[in-house]
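Trainee: So the protein lines, in turn, are chains C and G.
Heads up: the first sequence runs through residues 553 to 995, numbered per this note's numbering.
Heads up: the second sequence runs through residues 553 to 995, numbered per this note's numbering.
Everything labelled a hint here was simulated from the structure, so no lab data went into it.
Careful, some of the hints might be misleading.
All copies of an identical chain are treated as equivalent in the list; a pair is satisfied when it fits inside any one copy or across any two copies.
What the hints assert, rightly or not - Lysine to aspartate or glutamate pairs mimicking EDC-like chemistry, simulated, CA-CA at most 16 Å apart:
no., residue 1, residue 2
1, 745, 773
2, 565, 630
3, 937, 909
4, 868, 560
5, 565, 606
6, 937, 786
7, 565, 625
8, 868, 833
9, 936, 983
10, 936, 734
11, 868, 703
12, 565, 963
13, 937, 630
14, 978, 960
15, 936, 891
16, 978, 963
17, 936, 909
18, 748, 888
2 protein chains.
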Amino acid sequence: MADNARIDPRTLKGFRDYPPALAIPRERLMDTIRAVYRGYGYVPIDTPALEYTEILLGKGGEETDKQLFRFNDGGGRDVAMRFDLTVPFARFAAQHIGQLGTPFKRYHLAPVWRGESPQRGRFREFVQCDFDTIGTTSNAADIEVALVIGDLLAALGFERFTVHVNNRMVLNGLLDELGLGDKVGPVLRALDKLAKVGADAVVAEMVERGVEAGAARRVLELAGVEGSNAEILDQLATRFGTNAVAAEGISRLRQLLDVVAASGAPSERYRIDVSIARGLDYYTGTVYETFLDDLVAIGSVCSGGRYDDLASLYTKTRLPGVGASLGLDRLVAAMEQLDLLGDVAERAAVLVVQFAETGLGDYHRLARQLRAAGVEVEVFADPKKVGQQLAYAERRGYRAAIIAGPDEIAEGAVQLKDLRHGTQAKVAEADLVGAVRAVLEGP
Amino acid sequence: MADNARIDPRTLKGFRDYPPALAIPRERLMDTIRAVYRGYGYVPIDTPALEYTEILLGKGGEETDKQLFRFNDGGGRDVAMRFDLTVPFARFAAQHIGQLGTPFKRYHLAPVWRGESPQRGRFREFVQCDFDTIGTTSNAADIEVALVIGDLLAALGFERFTVHVNNRMVLNGLLDELGLGDKVGPVLRALDKLAKVGADAVVAEMVERGVEAGAARRVLELAGVEGSNAEILDQLATRFGTNAVAAEGISRLRQLLDVVAASGAPSERYRIDVSIARGLDYYTGTVYETFLDDLVAIGSVCSGGRYDDLASLYTKTRLPGVGASLGLDRLVAAMEQLDLLGDVAERAAVLVVQFAETGLGDYHRLARQLRAAGVEVEVFADPKKVGQQLAYAERRGYRAAIIAGPDEIAEGAVQLKDLRHGTQAKVAEADLVGAVRAVLEGP
């Protein structure tokens, strides 16, 4: 084809390819995440990438609208690509919960799409890893979510991280008591500036928005509670526990920490943080954010909380629940920065050199024996020079190579090369699986 | 919310949800497929769901165009959702093959979208599982594809299936020799009616389209070759092997079958079938189709072949290759029909009954011990009646339940219930992992 007839190969702005060096660890992480979720009895579901726009937008408003990849399909339907996994889950639950029964614990690992301005490592397509328990208000489900988050980060290879927990009921109870039920939005927006502008400016802003100065000071008092978990619980109980709603929130937080400790999970990783009640509007009870101690700046890598009713837009069946979502691609970026991804560019462990085309039957016979023993094996595609094939194996990060010329095959043996140490030994076929394992598992 | 303000929860025409009963086996199948691909040294890649329409359409023509979910994105770009994994792989290879080097062996499991009329169990969103080796013309790569297909179906639990193989070079060589290089399309379309209308009508149609009667008979002679693999190879060699291109195709087929047999793979599952050269236009060498012996009517579940140049639309780097694609959702439907999916509706093996909320710390301590031993465990969310919790466990297909009231906990013991046999025994905590394993692995 003439050069000028060619199409410039490129991805869309905000989208990216995942070559093996990224796709391999990503796949491994997803396997680990699924295993942790399954370990707690969550089960997978999947939903379509495309939904009716009406379903996705619901009450989501304009900002969400702008982020949608939205169009009319061939049948004239107003459709869009999902922008999260929560809305499709709500729609799914409204349709299927009758058959599935409650409590229903599901996980969903899938890409979502948002047309946001791509920046700071954010892409327009990214994988979310959600898990939720719906159909129960029990604190047991909230506690489990905290345990899952801790297990998840640990299983992914992180040692230094903190799960921040709080309960919206404390703030909600206080605001109710102060008669600020209709001013939650302005109060939270003012509070969010606390670290930047200081307490006095926050009070001033609240007063400007019609909050009495005394009430504003009370809200700030809650926002200022800090210390150890035990100290925070005590202060919350003493200063805010007279309100029944707040007391219930405090009691749930206390039980969460007690059970985490009693379960044997590393309780030093859990911290009550009254500030995280603020950003997560949707939630009504326990809230979670998870920070990597060595990369706090990237923000929470796993967030979630309890909600009163998942699917009220689609069904009158009330579905309270609790869950959280892990952002896979943000986590991969973090692991890249923290050098946790390892240098495993490729996964197959052993290359069988194609010494001569006539040996293919034997090479595949050997490869089958190794695969049956769980070893990943590539038979090289071309009978190139042995040195070229070994260079390929090293570039791919393989640990071992098997070289078998006609003489070795006739003897029922092979040359086994340890690619990390550069050593080589003749091994009888009967001993091959053991010898390969010794190389793979050796230092 | 008032009923009339609710949105009707529904999926788009041609799309479907995957509840756990389908999502669990699907996930397990994908794990198996990835493991087989990795076992041969193929590595994963991923590409965006959305691409420039220009990239996806290439020379694809009108029919493909109609199937596209195509729209203008927020930035005014003409974009579309991928309709297969081959075109994105071609674009990917054109961009990245310089860094990746050849041979490059990749797999890609991902959904694709086509706006076809949904019918006969076909959906507008479905998962394809592709694997390819590019950058080599070696028959070793073709042979490996045949081996992978066989391993794949076996690993997925099929015992009765047949991998049909052929080589386009035999037909291409014959057509060249007959001077029919410019009539390949009409000849193939006529040939496709052979089973329906018989040989004479096919010859008549070819003659009508300007093919000499003698040439038409020769083409039909090739289409009529049948028998055992050895008989077919002999007939092909004797009757068509004088053409160099055809001879090369015959030689490659022979080597494929020889190596499969020598490798120890079940060679009775491989069959030369001259008819499968016809439908697969894109391919230039070895072609593969895979039929389930007990469900031939659903068509090939894994098809592929060798091509001369993957990415000529996007790069002048010539990338010959060979690969195949397994249609996951067609396979799941087949397994459903053949009762191969099993009755495992849920995956967690053990339910810990929530006897009382105060026991949560202990329940989670026990659950952690079991998870550390690789057992999936759910702690029930609510302290409902034990009978209700056990009914939940049975509905979910769990094998065992752990019931631990305050008395048992005080004793350091639990009641372990075998849900399949309805038996129950007191087990010391120290023996719990072993006792649970005995129940899970028992008859």
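Trainee: Decide, hint by hint, whether the structure agrees.
Mentor: Hints versus structure:
In this homomeric assembly, residue 745 and residue 773 come within 16 Å of each other (Cα to Cα) only inside a single copy, at 15 Å, whereas the closest approach across copies is 83 Å. Taking identical chains as interchangeable, the C-alpha atoms of residue 565 and residue 630 lie at most 16 Å apart only when they sit on different chains, with a minimum of 12 Å there against 24 Å within one chain. For a Cα distance limit of 16 Å, the shortest separation of residue 937 from residue 909 inside one copy, 12 Å, qualifies, whereas the shortest one across copies, 68 Å, does not. In this assembly of identical chains, the alpha carbons of residue 868 and residue 560 lie at most 16 Å apart only when taken from different copies (11 Å versus 51 Å within one copy).
For the homomeric pair residue 565 and residue 606, the shortest alpha-carbon distance between copies (15 Å) is at most 16 Å, but the shortest distance inside one copy (26 Å) is not. In this assembly of identical chains, residue 937 and residue 786 lie within 16 Å of each other by CA distance neither inside one copy nor across copies; the values are 73 Å within and 34 Å between. For the identical chains of this complex, residue 565 and residue 625 are inter-copy neighbours only, at 11 Å across copies versus 23 Å inside a copy, given an alpha-carbon limit of 16 Å. With identical chains, the CA atoms of residue 868 and residue 833 are never at most 16 Å apart, being 22 Å at best within one copy and 53 Å at best between copies.
In this assembly of identical chains, residue 936 and residue 983 lie within 16 Å of each other by CA distance neither inside one copy nor across copies; the values are 27 Å within and 57 Å between. Taking CA atoms no more than 16 Å apart as the test, residue 936 paired with residue 734 passes in neither setting, with 76 Å inside one copy and 37 Å between copies. For the homomeric pair residue 868 and residue 703, neither the shortest alpha-carbon distance inside one copy (35 Å) nor that between copies (49 Å) is at most 16 Å. In this homomeric assembly, residue 565 and residue 963 never come within 16 Å of each other (Cα to Cα): the closest approach is 58 Å inside a single copy and 63 Å across copies.
With identical chains, the CA atoms of residue 937 and residue 630 are never at most 16 Å apart, being 58 Å at best within one copy and 47 Å at best between copies. Within a single copy, residue 978 and residue 960 get their C-alpha atoms as close as 9 Å, which meets the 16 Å cut-off; across copies the closest is 59 Å, which misses it. Within a single copy, residue 936 and residue 891 get their C-alpha atoms no closer than 35 Å, and across copies no closer than 46 Å, so neither meets the 16 Å cut-off. For a Cα distance limit of 16 Å, the shortest separation of residue 978 from residue 963 inside one copy, 11 Å, qualifies, whereas the shortest one across copies, 59 Å, does not.
In this homomeric assembly, residue 936 and residue 909 come within 16 Å of each other (Cα to Cα) only inside a single copy, at 10 Å, whereas the closest approach across copies is 67 Å. Within a single copy, residue 748 and residue 888 get their C-alpha atoms no closer than 31 Å, and across copies no closer than 59 Å, so neither meets the 16 Å cut-off.
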